[in-house]
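Numbering (the UniProt record's numbering), first residue to last: 1 to 427.
Do not take every clue at face value.
[What the hints assert, rightly or not] Mimicking BS3-like on lysine-lysine, the simulated pairs with C-alpha atoms at most 27 Å apart in a straight line are:
(1) K285 to K56
(2) K104 to K33
(3) K348 to K85
[What the hints assert, rightly or not] Cβ pair distances, simulated, as ranges:
(4) D338 to R426: 17 to 27 Å
(5) K128 to G29: 45 to 55 Å
(6) G29 to D186: 39 to 49 Å
(7) K118 to D275: 34 to 44 Å
(8) G29 to K309: 28 to 38 Å
(9) K210 to F155: 23 to 33 Å
(10) K413 to E88: 52 to 62 Å
(11) R330 to M90: 43 to 53 Å
(12) N204 to H406: 50 to 60 Å
Hint data in this document are derived by calculation from the structure and do not stem from the laboratory.
Where a beta carbon is used, it is the ideal one built from N, C-alpha and C, also for glycine.
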Amino acid sequence: MMKVYVQNLGCKVNLYEAQAIKNSFEQRGYEVKEDFDDIDVYVINTCTVTNKSDSKSRQMISKVKKKNPDAIIIICGCYSQINSKEIEEMDIADIIVGTQGRNKIADYLEEYLNLGEKKNYVEDNIDKNYEELLFDKNFDSTRAFIKIEDGCNNFCSYCIIPYARGRVRSRKADSIIKEIETLAKDGYKEFVITGIQITDYEDNDIDLIKLLEMIDEVPGVERVRLGSIQPKLLKDETVERLAKLKHLQHQFHLSLQSGSNKVLKLMNRKYTREDYIENTSKIYKAMPDSAITTDIIVGFPEEDDEDFKESIDIVKKINFLKVHVFRYSRRKGTKAYDMKGQIAESVKKDRAEILEEYQEASRHIFINKFIGNEFEVLFEEKKDEYFEGYTSNYIRAYLKTDENLHNQIIKVKAVEKFRDGILVERI
């Protein structure tokens, strides 16, 4: 029996796809391993969101070859979709697949074993239909990632992903519900709804909100989390419907990218800072315990000191649980790559450090609001003396206990701020 190791790089969508690839090999009788050693077939699911991601993908390909020169190496994902010729020139990969055809990787391997010919299966024209991936098992032991769509229509000026993933293609709602039903019966309690642009999900007359209402009624589902959403989703009626969902966890990743309208326009983000502030206010009003997390890029072309101050100002205005701060990285193939006004790396570094200080202050204020409150926590793993898990609004909770609380939802009280979250006690 051949041993297969699947290495995932990148986002939660990639993680879902890597798990599906593992499934496909298990169903064919291969032994899927979780350790890196003594492997016959390596599958590397790559990322290309930044130049650094490309570099990590190349490093992993070289590392695998050095680790086991005789192993079969399969490269798939976003980096290979954009740079398949570059991978060919490395002369390491035996099989190259892009962001489609991943449901055929086991077939491609068996063809290689029969014929012994290296092959590049990457196609420039991405299929307009959603690619269903075989899935009957989730490899995360407490939460299941559920992919509902692929692709993006936004074409932000800094982003290569629409070129790597293609336009939005939505998965059939009945397929999504069937997968969730199967995983709920297997004991999964939390389901994370993921995709490249889930806000644009649409299966005939079923949009994202209707889909969430359907998921909310699936027996066994106790928690539902949303991946990143766009401000345009948050119309008054939509927020009201979200607030009525029994199992939706009140944590929303609402990507900002900049607090400056000038920079947002250069980024081709289709909202203003005023839109963003209004939408976060709607969330807090309808669901007061909500946590909002976001992404902000510093050092985008033409971002001056005033633009940066506007990003700081919005972090101070909105009580974020977490701000993921990124330094702008020039990405070949994007509109922003050729923009005038590129910012020096030293300035990006300084701005990132300053914004990190403000985001830490925001996080501290947010967490302190909930000291003394009661929560339900889904516990995941034990480290040292503490079992760790997350509250409904995604604050990390630590409970000192000798019990095995893995995959259990326990009612607790927040005692004090602790490490990066809260120390809790059972009620």
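Query raised in the report: Is K104 within 27 Å of K33, Cα to Cα?
Result: Between K104 and K33 the Cα gap is close to 20 Å, so the pair holds against 27 Å.
Requested in this report: Mind checking the alpha carbons of K348 and K85 for me, to see if they're no more than 27 Å apart?
Outcome: violated (32 Å)
Query raised in the report: Within 27 Å, alpha carbon to alpha carbon, are K285 and K56?
Result: violated (42 Å)
Query raised in the report: Is it true that R330 and M90 lie within 43 to 53 Å of each other by Cβ?
Result: Between R330 and M90, where Cβ atoms are some 23 Å apart, the hint is violated.
Query raised in the report: Taking the CB of G29 and the CB of D186, does the distance hold inside 39 to 49 Å?
Result: violated (21 Å)
Report task. May I ask you to test the hint 17 to 27 Å on the CB atoms belonging to D338 and R426? Result -> Since the Cβ atoms of D338 and R426 sit about 57 Å apart, the hinted range of 17 to 27 Å is violated.
Report task. With respect to the beta-carbon atoms only, verify the hint that N204 and H406 lie 50 to 60 Å apart. Result -> violated (39 Å)
Requested in this report: Indicate whether the distance between the beta carbons of K413 and E88 respects the range 52 to 62 Å.
Outcome: With Cβ atoms ~58 Å apart, the hint holds.
Query raised in the report: Cβ-Cβ distance between G29 and K309: within 28 to 38 Å?
Result: violated (60 Å)
Query raised in the report: Can the suggested window of 34 to 44 Å be confirmed for the beta-carbon pair K118 and D275?
Result: Given a distance of about 50 Å, which is not inside 34 to 44 Å, the answer is violated.
Query - Cβ distance range 45 to 55 Å for K128 and G29, holds or violated - result: violated (33 Å)
Query raised in the report: Are K210 and F155 spaced within 23 to 33 Å by their CB atoms?
Result: At roughly 26 Å between Cβ atoms, F155 and K210 fall inside 23 to 33 Å, so the hint holds.
Violated hints, listed in ascending order, are 1, 3, 4, 5, 6, 7, 8, 11 and 12; each of the other numbered hints is respected by the structure.
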